[in-house]
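Enquirer: Residue-level listing of the chains:
Number of protein chains: 2
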Amino acid sequence: MRVLGVDPGLTRCGVGLIEGQLGTPLRLIAAGVIKTPADAEHSKRLLSIDEGLAEWIDTHRPDVIAVERVFADQNVLSVVGTAQAAGLAMVNAARRGIPVHTHTPTEVKAAITGSGRADKAQVSHMVVRILKLATAPKPADAADAVALAICHLWRGGANDRIAEALAKQQARRTP
Amino acid sequence: MRVLGVDPGLTRCGVGLIEGQLGTPLRLIAAGVIKTPADAEHSKRLLSIDEGLAEWIDTHRPDVIAVERVFADQNVLSVVGTAQAAGLAMVNAARRGIPVHTHTPTEVKAAITGSGRADKAQVSHMVVRILKLATAPKPADAADAVALAICHLWRGGANDRIAEALAKQQARRTP
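Protein sequence lines, in the order shown, are assigned to chains A and B. Numbering-wise (my numbering), the first sequence opens with residue 3 and increments by one. Numbering-wise (my numbering), the second sequence opens with residue 3 and increments by one.
Same shape as in the complex, but just chain A:
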């Protein structure tokens, strides 16, 4: 399964693609950022992000897209741009029939490090270990996107297993 993680942002939108299954080693395919200049016109910045995301999706064809969940009360100054970038990731997924899921920063930290209050360095350290990398993906937004993809694969995989097991159980009970 290929998961594209998207850490939405107007100035730097992190993207990270991993491949693997639950219970087997995960592999980093690619990570990077889509940057837009702060002095460009707002609609043109959004278009750059839209086009950048489309290119990542069409090049790497992920099976699922995981986007960091944006809260209205988080970092009030940038929430509009962040929400818009997240929205573009969702629309690009929906347009191609690719399922899209959101995870909160706390969920990502907890899934990767075991603690919802881990700092960026701890998350980055674990991303390196999990993917057996020489160094963490740079910049930080790319590493965050990769962490999000790992979180989704693990959570999604576990949820799918649980759903599957429950469905089987249900099937046995109702012959």
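Treat the hints as calculated values from the structure; they're not laboratory data. Watch out, some of these pointers could steer you wrong.
Same chains, same names: a pair is fine if it fits in one copy or spans any two.
[To be verified] Simulated crosslink set (SDA-like; lysine to any residue; CA at most 25 Å straight-line): (1) Lys140 x Thr13; (2) Lys122 x Arg97; (3) Lys46 x Met3; (4) Lys134 x Ala42; (5) Lys46 x Thr106; (6) Lys37 x Val130; (7) Lys134 x Asp121; (8) Lys134 x Met3; (9) Lys46 x Glu109; (10) Lys37 x Thr104.
Once you have looked at the hints, place chain B on chain A.
Expert: Same frame as chain A, but now just chain B:
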């Protein structure tokens, strides 16, 4: 000049198209809303808005698109969805090379009624008078989008005139 006004929203995204020039009577071409069901998946709702806006733009080919400006501190509960809908209007404009401008609700009220604190009924009343309509465009989001388009045409037209006059003045001074 054709102006498409967009009152962004996830549940109801208002759209209103007017035609005219500064100093001549304005004409309403069309107004409506793009609705998405509250129980649909978020990315699918955004895709519906994206496709709805694209259809409005491609059918009516506006010269400019005016979008209500979204503030981070306004109505915290819905700001993410509203910002995302506004972002989609901007990307659809930028993708087609159509200029896009934002106006705040206060600017719209002031332009239409002369008071930045006018209520919805006063704005609606003035929209009916300005466009010589029998009744106000329904629902309220459609009327808001039309008001936004009028505000843009008047403001933009005045700004263009000022810019043009200044450019001419400059040209006379530097022979």
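Enquirer: It remains to establish, for every hint, whether it holds in the given structure.
Expert: These are the hints, each one checked on the structure:
no., hint, in the structure
1, Lys140 x Thr13, "within (15 Å within a copy, 38 Å between copies)"
2, Lys122 x Arg97, "neither (32 Å within a copy, 35 Å between copies)"
3, Lys46 x Met3, "between (33 Å within a copy, 22 Å between copies)"
4, Lys134 x Ala42, "neither (38 Å within a copy, 39 Å between copies)"
5, Lys46 x Thr106, "between (28 Å within a copy, 20 Å between copies)"
6, Lys37 x Val130, "within (23 Å within a copy, 44 Å between copies)"
7, Lys134 x Asp121, "within (20 Å within a copy, 60 Å between copies)"
8, Lys134 x Met3, "within (18 Å within a copy, 59 Å between copies)"
9, Lys46 x Glu109, "between (32 Å within a copy, 23 Å between copies)"
10, Lys37 x Thr104, "both (21 Å within a copy, 23 Å between copies)"
Consistency with the previously given hints fails for numbers 2, 4, ordered from lowest to highest.
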